[in-house]
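Novice: Read off the chains here:
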Amino acid sequence: MQLFSNGLIAGSLAALIAGGLALVYGTLGVFNLALGQMVLAGGYATWWLHQNVGLSLPISIVGGIAIGAAISWMTFEIFIRPFYKRHRFLPLVTTISLSMILDALILLLFEERPRSILASMKDMRIILGASISTEQIMLILITCLLLAFFAFILHCTAFGRKLRAVVQNDFAAMSLGIPVGTLHRLIFIGSGVLAACAGIFIGIDQNLSPLLAFPLTIKAYAAVIAGGKGNFWGAVTCAYIIAFLEQLVVGIRWFGLFYIPAGYQDTVALVFIILFLLFKPAGLFGSQTRTA
Amino acid sequence: MTAEPLLSVSHLSLRIQDHTILKDISLEVQAGEVVGLIGPNGSGKTTLFNVLSGFLKPTKGTVCLCGEDITHLSAPLRARKGIGRVFQDFGIFRDMTLLENILVAFESLTTDERRKIGDLRSATQETLAMVQLQHFAKKKAGSLSGGQMRLLEIARTFKGNKSLLLLDEPTAGVSPKMTHQIADLIRSLRREGRTVLIIEHDLPFIAKICDRIIVLDVGEVALEGSPSEVQSSKKLKEIYFGADPTT
Chain A
1 MQLFSNGLIA GSLAALIAGG LALVYGTLGV FNLALGQMVL AGGYATWWLH
51 QNVGLSLPIS IVGGIAIGAA ISWMTFEIFI RPFYKRHRFL PLVTTISLSM
101 ILDALILLLF EERPRSILAS MKDMRIILGA SISTEQIMLI LITCLLLAFF
151 AFILHCTAFG RKLRAVVQND FAAMSLGIPV GTLHRLIFIG SGVLAACAGI
201 FIGIDQNLSP LLAFPLTIKA YAAVIAGGKG NFWGAVTCAY IIAFLEQLVV
251 GIRWFGLFYI PAGYQDTVAL VFIILFLLFK PAGLFGSQTR TA
Chain B
1 MTAEPLLSVS HLSLRIQDHT ILKDISLEVQ AGEVVGLIGP NGSGKTTLFN
51 VLSGFLKPTK GTVCLCGEDI THLSAPLRAR KGIGRVFQDF GIFRDMTLLE
101 NILVAFESLT TDERRKIGDL RSATQETLAM VQLQHFAKKK AGSLSGGQMR
151 LLEIARTFKG NKSLLLLDEP TAGVSPKMTH QIADLIRSLR REGRTVLIIE
201 HDLPFIAKIC DRIIVLDVGE VALEGSPSEV QSSKKLKEIY FGADPTT
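Chains as they are written, first to last, in this note's numbering: chain A, 1 to 292; chain B, 1 to 247.
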């Protein structure tokens, strides 16, 4: 039960990051390798507003999300938009540069020490035999609410239908009069907001550390690729699957003989991508449609 | 006095790197005309469509719609001005239902046009019924056959304000029965007074439904006339099969 609860918490975090990334990959077809740093930027901004400036937690969270959205918007305008139409791999290079710049900035501003948005001890509860904090329950519930909100926007509104149209065929969407450029920008900022939310959850539930950025990016890409490149629900589902597998791999006593060291936990995502690319290259929810 | 053409293309050229794709093309299409655009592979037909619909910017020349210069407008803005496009490689949203494919087209119209249409959902159902796809309304578009995809795309494109339709090989890879259905749909467009520009390789098909045919060869307008004039032209044979050495 504890493994399940840990998987649910880690999966909720990963689902937020991977969901936003799937929309970006689906619409723009580009890799944003500074995603992990954008997650941390939202978390650190909230920590700074709450712990240093002394704002209340809700206002700090709103501030952290706003700073995350602003960084995401600047990233799009400076590091993505001038390049992505020339060649889809150019943003790969520009966002690697951005990730290095953000890494250096985070180290300079917040140092390598672990930072926690909440300084007080967490209120732990036992639910069905699993130990879980109030903040973790909130994380799971808020992720469910955010995903339900996204589901509503994507499937029940005109804006969501236009968004899905752009994801599936941007030339056809343009020929219908859909302002594809504006939607690209909004999607990128939306993914930054989801990433900032994830960073805030990390800062509340655990400790923020500059070293977290790279594993977060890799796990998000594993979920996006395994989910069916650009499929929002595929990425969300695979984020949960990877999180549960990570907990299982290091949490059970294999054949009653040995445990796999916790250091191998992060490799689960990489093995997951390789297996998916080998046996189901289109991904879990990759389209199986007729070509004619 | 002749009426102002719906579409007027003047001295249009396009160079990409060292290659000249379109050379000094000038043509006019009157409102309500169905015009065929034919030519060998690589003659620049689809590139011309890409320039007309705003996906490519010309190196030289102008494109005017109803007398308004639209050369520098983006593709979405041209669509809002009334240019609709059917793509050679299926411009449908495969993971969306047929209903959503049509609905999103209605929802992308201007506020005034949406107000004129009224209830978008019932208009969507009517559009699907018109191409006899109403029974598949809740199916994903990617599960349709090639011909059905074409019908869906054409039906979606000409709804709303679209005064000029650019159809890029609408019968490619489509069964004879579906080809008839597409021809009927184009005839009904003409009856509604829509203007259609069609790229096709099927000369008998295009001769049956078009008022006029324009032949492109290596990026230039090589021939223009009524279907019978073009079909009997010696130049057309030369363009497709090369000059006859015995003449």
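Among the hints, erroneous ones may be present.
Stated by the list, open to error - Which chain B residues stay away from chain A? Per the calculated CB distances, all over 10 Å, these:
1) Ser10
2) Gln30
3) Ser53
4) Ser74
5) Ile92
6) Asp95
7) Met96
8) Leu103
9) Glu107
10) Ser108
11) Leu109
12) Lys116
13) Lys138
14) Thr157
15) Gly225
16) Tyr240
Unchecked claim - Reference excerpt, derived from the structure (chain B facing chain A, CB under 10 Å, subset only):
17) Arg80
18) Gly91
19) Arg190
The set of hints was computed from the structure by calculation and includes no laboratory data.
For each residue, glycine too, the CB sits at the ideal point set by N, CA and C.
Novice: With reference to the structure, classify each hint as holding or not holding.
Specialist: Hints versus structure:
Every C-beta of chain A lies more than 10 Å from that of Ser10/B, the closest at about 23 Å, which supports listing it as non-interface. Remark: the non-interface label on Gln30/B is consistent with the geometry, its nearest Cβ contact in chain A lying 23 Å away (cut-off 10 Å). Separation of Ser53/B from chain A is inadequate, the least Cβ-Cβ distance of about 6 Å not exceeding the 10 Å criterion. Separation of Ser74/B from chain A is inadequate, the least Cβ-Cβ distance of about 8 Å not exceeding the 10 Å criterion.
Distance to chain A contradicts Ile92/B as a non-interface residue, since its nearest Cβ pair spans about 7 Å, not more than 10 Å. With a minimum CB-CB distance of about 6 Å to chain A, Asp95/B fails to clear the 10 Å threshold, and the non-interface call is violated. Not every C-beta of chain A lies more than 10 Å from that of Met96/B, the closest at about 6 Å, which undercuts listing it as non-interface. A beta-carbon of chain A is positioned within 10 Å of the beta-carbon of Leu103/B; the least distance is around 7 Å.
A beta-carbon of chain A is positioned within 10 Å of the beta-carbon of Glu107/B; the least distance is around 4 Å. Its closest Cβ contact with chain A, about 5 Å, brings Ser108/B to no more than 10 Å, contrary to its assignment away from the interface. Separation of Leu109/B from chain A is inadequate, the least Cβ-Cβ distance of about 7 Å not exceeding the 10 Å criterion. Under the 10 Å C-beta cut-off, the non-interface status given to Lys116/B relative to chain A holds; the minimum distance is some 15 Å.
Taking the minimum C-beta to C-beta distance to chain A, about 13 Å, the non-interface status of Lys138/B holds against the 10 Å cut. With a least beta-carbon separation of about 8 Å from chain A, Thr157/B fails to lie farther than 10 Å from that chain, contradicting its non-interface assignment. Against chain A, the non-interface label of Gly225/B holds: every CB pair exceeds 10 Å, the least being about 29 Å. For Tyr240/B, the shortest C-beta to C-beta distance to chain A comes to about 26 Å, beyond the 10 Å cut-off, and the non-interface label holds.
A hinted interface residue such as Arg80/B counts as satisfied when its beta carbon comes closer than 10 Å to some beta carbon of chain A; here the least separation is about 5 Å, so the hint holds. Interface hint status for Gly91/B: upheld, as the beta-carbon distance to the closest one in chain A is roughly 3 Å, under 10 Å. A least Cβ separation of about 21 Å between Arg190/B and chain A goes past the 10 Å threshold, and the interface hint is therefore violated.
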